[in-house]
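Protein chains: 2
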Amino acid sequence: MKKKVISKKRRKAGPGKVALKSTVTRSPKSTEMKHLSWDTVEVEALSPLFHRQLIVGKEIMLARILLKKGCLVPWHSHVNEQVSSIFGGALKFWIDGKEIVVGPGQVLTIPPNMPHKAEALEDTLAIDIFSPPRADWINKTDSYLRK
Amino acid sequence: MKKKVISKKRRKAGPGKVALKSTVTRSPKSTEMKHLSWDTVEVEALSPLFHRQLIVGKEIMLARILLKKGCLVPWHSHVNEQVSSIFGGALKFWIDGKEIVVGPGQVLTIPPNMPHKAEALEDTLAIDIFSPPRADWINKTDSYLRK
Chain A
1 MKKKVISKKR
11 RKAGPGKVAL
21 KSTVTRSPKS
31 TEMKHLSWDT
41 VEVEALSPLF
51 HRQLIVGKEI
61 MLARILLKKG
71 CLVPWHSHVN
81 EQVSSIFGGA
91 LKFWIDGKEI
101 VVGPGQVLTI
111 PPNMPHKAEA
121 LEDTLAIDIF
131 SPPRADWINK
141 TDSYLRK
Chain B
1001 MKKKVISKKR
1011 RKAGPGKVAL
1021 KSTVTRSPKS
1031 TEMKHLSWDT
1041 VEVEALSPLF
1051 HRQLIVGKEI
1061 MLARILLKKG
1071 CLVPWHSHVN
1081 EQVSSIFGGA
1091 LKFWIDGKEI
1101 VVGPGQVLTI
1111 PPNMPHKAEA
1121 LEDTLAIDIF
1131 SPPRADWINK
1141 TDSYLRK
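Chains A and B, in that order, are what the protein sequence lines are.
Sequential numbering from 1 applies to the first sequence in my numbering.
Sequential numbering from 1001 applies to the second sequence in my numbering.
Source of the hints: derived by calculation from the structure; they are not laboratory data.
Keep in mind that a hint or two might mislead.
Covered stretches of chain B, as calculated for chain A (at least 3 residues, CB under 8 Å) [unchecked claim]: (1) 1015-1022; (2) 1043-1054; (3) 1078-1086; (4) 1133-1143.
Under the rule of at most 20 Å between Cα atoms (straight-line distance), these lysine to aspartate or glutamate pairs were calculated in the EDC-like manner [what the hints assert, rightly or not]: (5) Lys-29(A) / Asp-1123(B); (6) Lys-69(A) / Glu-99(A); (7) Lys-34(A) / Glu-59(A); (8) Lys-1092(B) / Asp-1123(B); (9) Lys-58(A) / Asp-1123(B); (10) Lys-1034(B) / Glu-44(A); (11) Lys-34(A) / Asp-1096(B); (12) Lys-21(A) / Asp-123(A); (13) Lys-92(A) / Glu-1032(B); (14) Lys-1034(B) / Glu-99(A); (15) Lys-58(A) / Asp-1096(B); (16) Lys-147(A) / Glu-32(A); (17) Lys-1117(B) / Glu-32(A); (18) Lys-1021(B) / Asp-1142(B); (19) Lys-1140(B) / Asp-1123(B); (20) Lys-58(A) / Asp-96(A); (21) Lys-1017(B) / Asp-1096(B); (22) Lys-117(A) / Glu-1032(B); (23) Lys-1058(B) / Asp-96(A); (24) Lys-98(A) / Asp-1142(B); (25) Lys-1034(B) / Glu-119(A); (26) Lys-1117(B) / Glu-1099(B); (27) Lys-1058(B) / Asp-123(A); (28) Lys-34(A) / Glu-1042(B); (29) Lys-1092(B) / Glu-1032(B); (30) Lys-1029(B) / Glu-99(A); (31) Lys-68(A) / Asp-123(A); (32) Lys-1092(B) / Asp-123(A); (33) Lys-1098(B) / Glu-32(A); (34) Lys-1058(B) / Glu-1032(B); (35) Lys-1029(B) / Glu-59(A); (36) Lys-29(A) / Glu-1099(B); (37) Lys-34(A) / Glu-1099(B).
From chain B, some residues computed to sit far from chain A (all C-beta separations above 12 Å) [said to hold, decoys possible]: (38) Thr-1025; (39) Arg-1026; (40) Lys-1034.
Each residue gets a CB set at the ideal place from its N, CA and C atoms; glycine is no exception.
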């Protein structure tokens, strides 16, 4: 029964891989100029291992994420393009048939709809960029991360 | 005569402000996953004061820029949304009727078509994000920066 409910909300992207729906907002998008400091942007704790801050523009969203060692992001995909920049620590990705460890000073570009999972090998600071902005992150409907 | 040639290539965004044309590519866009290190991305010297590296995705472009103190970016605008993150130094913007100094740990979001100019108050390291990617930066037709 539980599986049936989940299947209504998500499409499968392959064995064990979830293609997330509702990741693009249809509501009016910000067109204001904003000057912000990460120090004053709300920090959201999705789990004890996953903390996140968001800066949302019109077509660009920045997510500053702090992952504790051992944090697992399960298999998923989304229509939003993603570019992950690592500033500290190490984040291991399973993507496109490969295992890739992304470290400080490195960048991973993830095309739309490409399934991926990740694990923090160390405490990790990253900035993930999405286009368009991730509606599920803005609306806090990203239950796959809140376990 | 020179002015006439320039006026064919650019539209004015207001007194002394240039609305850049040809900043969006019509060519096929990258949909590959890429794992890159800034250490190995080509560094382009636009002037003695302005060095730049590019990582280009489908709808997201990252430009890592190193501006020497005193570097001036003249008034311009573009249809591409811009988000500037500062990692070292200080970059002063004239934008939306305001003068704003953006420092380390700070972010400025610039909506599409909003005229702005900038000056590096110190040697500055920034990552500018554009969506869609800046065709004039990719094609090196950004003559307004090469003075």
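Now for the hints, and whether the structure bears them out:
Remark: the stretch 1015-1022 of chain B is not confirmed as covered by chain A, as 0 of its residues place a Cβ nearer than 8 Å to a Cβ of that chain, below the required three. Counting residues of the stretch 1043-1054 of chain B whose CB falls under 8 Å from any CB of chain A gives 0; the rule of at least 3 is not met. With a cut-off of 8 Å between beta carbons, the stretch 1078-1086 of chain B has 3 residues touching chain A; three or more are needed, and the interface restraint holds. With a cut-off of 8 Å between beta carbons, the stretch 1133-1143 of chain B has 0 residues touching chain A; three or more are needed, and the interface restraint is violated.
At most 20 Å may separate the alpha-carbon atoms for a hinted pair to count; Lys-29(A) and Asp-1123(B) exceed this at roughly 34 Å. Proposed proximity of Lys-69(A) and Glu-99(A) is supported: the alpha carbons are some 17 Å apart, at most 20 Å. Between Lys-34(A) and Glu-59(A) the alpha-carbon distance is near 14 Å, which keeps this suggested pair within the 20 Å criterion. Distance check on the hinted pair: Lys-1092(B) and Asp-1123(B) sit about 12 Å apart at the alpha-carbon level, within 20 Å; holds.
With a CA separation close to 29 Å, the supplied pair Lys-58(A) and Asp-1123(B) exceeds the 20 Å bound. About 29 Å separates the Cα atoms of Lys-1034(B) and Glu-44(A), which puts this hinted pair outside 20 Å; it is violated. Of the pairs offered as hints, the one joining Lys-34(A) and Asp-1096(B) holds, with about 10 Å between alpha carbons and a cut-off of 20 Å not exceeded. Between Lys-21(A) and Asp-123(A), the direct Cα distance comes to roughly 29 Å. Violation of the 20 Å bound is thereby established for this hinted pair.
The hinted pair formed by Lys-92(A) and Glu-1032(B) meets the criterion: a straight-line CA distance of about 18 Å does not exceed 20 Å. Pair hint Lys-1034(B) plus Glu-99(A) holds up; C-alpha atoms about 13 Å apart against a cutoff of 20 Å. Annotation: proposed proximity of Lys-58(A) to Asp-1096(B) holds, straight-line Cα distance about 17 Å (limit 20 Å). Annotation: proposed proximity of Lys-147(A) to Glu-32(A) is violated, straight-line Cα distance about 34 Å (limit 20 Å).
Pair hint Lys-1117(B) plus Glu-32(A) holds up; C-alpha atoms about 17 Å apart against a cutoff of 20 Å. Distance restraint check for Lys-1021(B) and Asp-1142(B): the Cα-Cα separation of roughly 10 Å lies within the 20 Å cut-off, and the hinted pair is therefore satisfied. The suggested pairing of Lys-1140(B) with Asp-1123(B) is violated, with an alpha-carbon distance near 23 Å, which exceeds 20 Å. Restraint check for Lys-58(A) and Asp-96(A): not satisfied, since their Cα atoms lie roughly 29 Å apart, outside the 20 Å limit.
A threshold of 20 Å between alpha carbons decides the hint, and for Lys-1017(B) with Asp-1096(B) the separation of about 13 Å falls inside it, so the pair holds. For the hint pairing Lys-117(A) with Glu-1032(B), the CA-to-CA distance comes to about 17 Å; that is within 20 Å, so the pair holds. A C-alpha spacing of about 17 Å is found between Lys-1058(B) and Asp-96(A), which places the hinted pair at or below 20 Å, so the restraint holds. At most 20 Å may separate the alpha-carbon atoms for a hinted pair to count; Lys-98(A) and Asp-1142(B) exceed this at roughly 37 Å.
Proximity of Lys-1034(B) to Glu-119(A) is assessed by CA-CA distance (about 18 Å); at most 20 Å being required, the pair is judged to hold. Simply put, Lys-1117(B) and Glu-1099(B) have alpha-carbon atoms about 10 Å apart, close enough for the 20 Å limit, and the pair holds. At most 20 Å may separate the alpha-carbon atoms for a hinted pair to count; Lys-1058(B) and Asp-123(A) exceed this at roughly 29 Å. Pair hint Lys-34(A) plus Glu-1042(B) does not hold up; C-alpha atoms about 31 Å apart against a cutoff of 20 Å.
About 35 Å separates the Cα atoms of Lys-1092(B) and Glu-1032(B), which puts this hinted pair outside 20 Å; it is violated. Proximity of Lys-1029(B) to Glu-99(A) is assessed by CA-CA distance (about 25 Å); at most 20 Å being required, the pair is judged violated. This hinted pair checks out: Lys-68(A) and Asp-123(A) have alpha carbons roughly 4 Å apart, not beyond 20 Å. Taking the CA atoms of Lys-1092(B) and Asp-123(A), the gap is near 33 Å; set against the 20 Å cutoff, the hint is violated.
Annotation: proposed proximity of Lys-1098(B) to Glu-32(A) holds, straight-line Cα distance about 13 Å (limit 20 Å). Under the criterion of a C-alpha separation no larger than 20 Å, the hint pairing Lys-1058(B) with Glu-1032(B) is consistent with the structure, at around 9 Å. Under the criterion of a C-alpha separation no larger than 20 Å, the hint pairing Lys-1029(B) with Glu-59(A) is consistent with the structure, at around 17 Å. Taking the CA atoms of Lys-29(A) and Glu-1099(B), the gap is about 25 Å. The hint is violated against a cut of 20 Å.
At most 20 Å may separate the alpha-carbon atoms for a hinted pair to count; Lys-34(A) and Glu-1099(B) meet this at roughly 13 Å. No Cβ of chain A approaches the Cβ of Thr-1025(B) within 12 Å, the least distance being about 15 Å, so the stated non-interface status holds. At roughly 18 Å from the closest C-beta of chain A, the C-beta of Arg-1026(B) stays outside 12 Å, upholding its exclusion from the interface. Lys-1034(B), annotated as away from the interface, has a beta carbon of chain A within 12 Å; the closest lies near 4 Å.
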